[in-house]
Amino acid sequence: MSTDPAPVRTLPAPPPKPAPTIHEAERASGASGAVLRGVEIDFTAAVVRRRAGEDVVVCGSDLDANRRLAYKIESGVGPASRPQTPHRRAGPLSLPHFHQVTRSPDGHTFYETENRKTRKKP
Amino acid sequence: MNYFTRDLVRRLSSDDDSVVNAAHREWEEANERYERHLRTIEPELPPHVREFNDLLLHDAVVSNIAREGDKLIMVLQKDIPPRDTVILTYSLIEDPVIDPEALPAEDRLKVMDFQYDEFDLVRAGENKVYAQGIVFGNGWEMTLRFTDVRVTLAQALYPFPGTMLVPTATSVLAQSA
Numbered sequence: 016m017s018t019d020p021a022p023v024r025t026l027p028a029p030p031p032k033p034a035p036t037i038h039e040a041e042r043a044s045g046a047s048g049a050v051l052r053g054v055e056i057d058f059t060a061a062v063v064r065r066r067a068g069e070d071v072v073v074c075g076s077d078l079d080a081n082r083r084l085a086y087k088i089e090s091g092v093g094p095a096s097r098p099q100t101p102h103r104r105a106g107p108l109s110l111p112h113f114h115q116v117t118r119s120p121d122g123h124t125f126y127e128t129e130n131r132k133t134r135k136k137p
Numbered sequence: 705m706n707y708f709t710r711d712l713v714r715r716l717s718s719d720d721d722s723v724v725n726a727a728h729r730e731w732e733e734a735n736e737r738y739e740r741h742l743r744t745i746e747p748e749l750p751p752h753v754r755e756f757n758d759l760l761l762h763d764a765v766v767s768n769i770a771r772e773g774d775k776l777i778m779v780l781q782k783d784i785p786p787r788d789t790v791i792l793t794y795s796l797i798e799d800p801v802i803d804p805e806a807l808p809a810e811d812r813l814k815v816m817d818f819q820y821d822e823f824d825l826v827r828a829g830e831n832k833v834y835a836q837g838i839v840f841g842n843g844w845e846m847t848l849r850f851t852d853v854r855v856t857l858a859q860a861l862y863p864f865p866g867t868m869l870v871p872t873a874t875s876v877l878a879q880s881a
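Order-wise, the sequence lines are chains L and V.
For what it's worth, this note's numbering labels the leading residue of the first sequence as 16, then goes sequentially.
For what it's worth, this note's numbering labels the leading residue of the second sequence as 705, then goes sequentially.
FYI, nobody ran anything at the bench for these hints, they're computed from the structure.
Hints should not be assumed to be uniformly reliable.
To be verified - Using 25 Å as the maximum straight-line C-alpha spacing, the simulated DSS-like pairs for lysine-lysine come out as follows:
no., chain 1, residue 1, chain 2, residue 2
1, L, K132, L, K87
2, L, K135, V, K782
3, V, K814, L, K87
4, L, K87, L, K32
5, L, K32, L, K135
6, V, K782, L, K136
7, L, K132, V, K782
8, V, K775, V, K832
9, V, K814, V, K782
10, L, K32, L, K132
11, L, K135, L, K87
To be verified - Far from chain V, some chain L residues (derived; all Cβ distances over 10 Å):
no., residue
12, G53
13, S76
14, R134
All C-beta atoms in this analysis are idealised placements derived from N, C-alpha and C, irrespective of residue type, glycine included.
Same shape as in the complex, but just chain L (with noise of 0.2 Å):
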């Protein structure tokens, strides 16, 4: 009978997530409170799209990533708002977001969680 320790085995490390994507938004009118996807833009152009008003949605499963990177984009434009969570009042498929504090330049950064997800863009 051996004497020798049993191998131990390490599990492989689960691969990395991909990265976060970031796009261009819109929100459907109407009851739904969807976020529609849009092409796809860098963070620099969603910067300068969220100064404009305009809404972005950062994408991806990274939960983590994809709130930080909002965040993030949030920020570039001025004091961000904290974390505005999806509520019966925003409606059934709403994001969660960022917007300004003071809620000037108009629009959000929304971003998508394991469970809501955007439509895309028709």
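Let chain L serve as the given structure and place chain V on it in line with the hints.
Quick look at chain V alone, frame taken from chain L:
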């Protein structure tokens, strides 16, 4: 607030991702419990009150809150398209209760906007009485008890759609609070 508690809101702003994520999950559970609650009382609500509960008011900027006798009138500019002007006229049964410090100071906005609310049906004898707690971005929580609420939706001519009247000094809000 029974569902969207202050403690929960405070944790959503934590610097610790694990705390924020747990709070996000709790918030979603609170959303589900609140939806179930509303579905329970909905059969007892008249159609216009059900429609009031379906208004998408999150982020709507409040331009006026005024009193005339037992009426409380709130004028908001919706943020979610269509960006109508919304005029809510409540028939109060008691004075509104305002707590100006419902949100932590560091989480308050420079503008009063509608963040979230809780609605309930409260029986008072044989009459139906409604209760609503509303948290606004400037940190106020306003509690209303009323026998009716009427909704008027209108299209804004001024301020021009897509623009917003922003206070020039934050002290104005602080004083009114």
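Query raised in the report: Going straight from one Cα to the other, do K782/V and K136/L come out at no more than 25 Å?
Result: Given that 25 Å is the threshold and the Cα spacing comes to 22 Å, the pair holds.
Requested in this report: Assess, step by step, whether the Cα of K814/V is no farther than 25 Å from the Cα of K87/L, and give holds or violated.
Outcome: 20 Å, holds
**Report entry** G53/L remote from chain V - nearest C-beta pair above 10 Å
**Finding:** Consistent with the label, G53/L stays out of reach of chain V, its closest Cβ about 15 Å off (over 10 Å).
Requested in this report: Decide if the proposed pair is consistent with the structure: K135/L and K782/V, CA atoms, cutoff 25 Å inclusive.
Outcome: 24 Å, holds
Query raised in the report: Is it true that the CA of K814/V sits at most 25 Å from the CA of K782/V?
Result: 17 Å, holds
Query raised in the report: Does K32/L lie within 25 Å of K87/L when you go C-alpha to C-alpha?
Result: Answer holds: K87/L to K32/L is near 19 Å, not above 25 Å.
Query raised in the report: Does R134/L sit more than 10 Å from chain V, CB to CB?
Result: 14 Å, holds
Requested in this report: Take a quick look at whether K32/L and K132/L sit within 25 Å of each other, Cα to Cα.
Outcome: Measuring from Cα to Cα gives roughly 17 Å; hence the hint holds.
Query raised in the report: Taking only the CA atoms, is the gap from K135/L to K87/L under or equal to 25 Å?
Result: Roughly 23 Å between the alpha carbons, so the hint for K135/L and K87/L holds.
Query raised in the report: Between K132/L and K87/L, is the straight-line Cα distance small enough, at 25 Å or below?
Result: 20 Å, holds
Requested in this report: Decide if the proposed pair is consistent with the structure: K775/V and K832/V, CA atoms, cutoff 25 Å inclusive.
Outcome: Status holds; Cα separation ~17 Å.
Report task. Starting from K132/L, check that the Cα of K782/V is at most 25 Å away, please. Result -> Cα-Cα ~23 Å, so holds.
Checked against the numbered hints listed earlier, the structure breaks none of them; every hint is satisfied.
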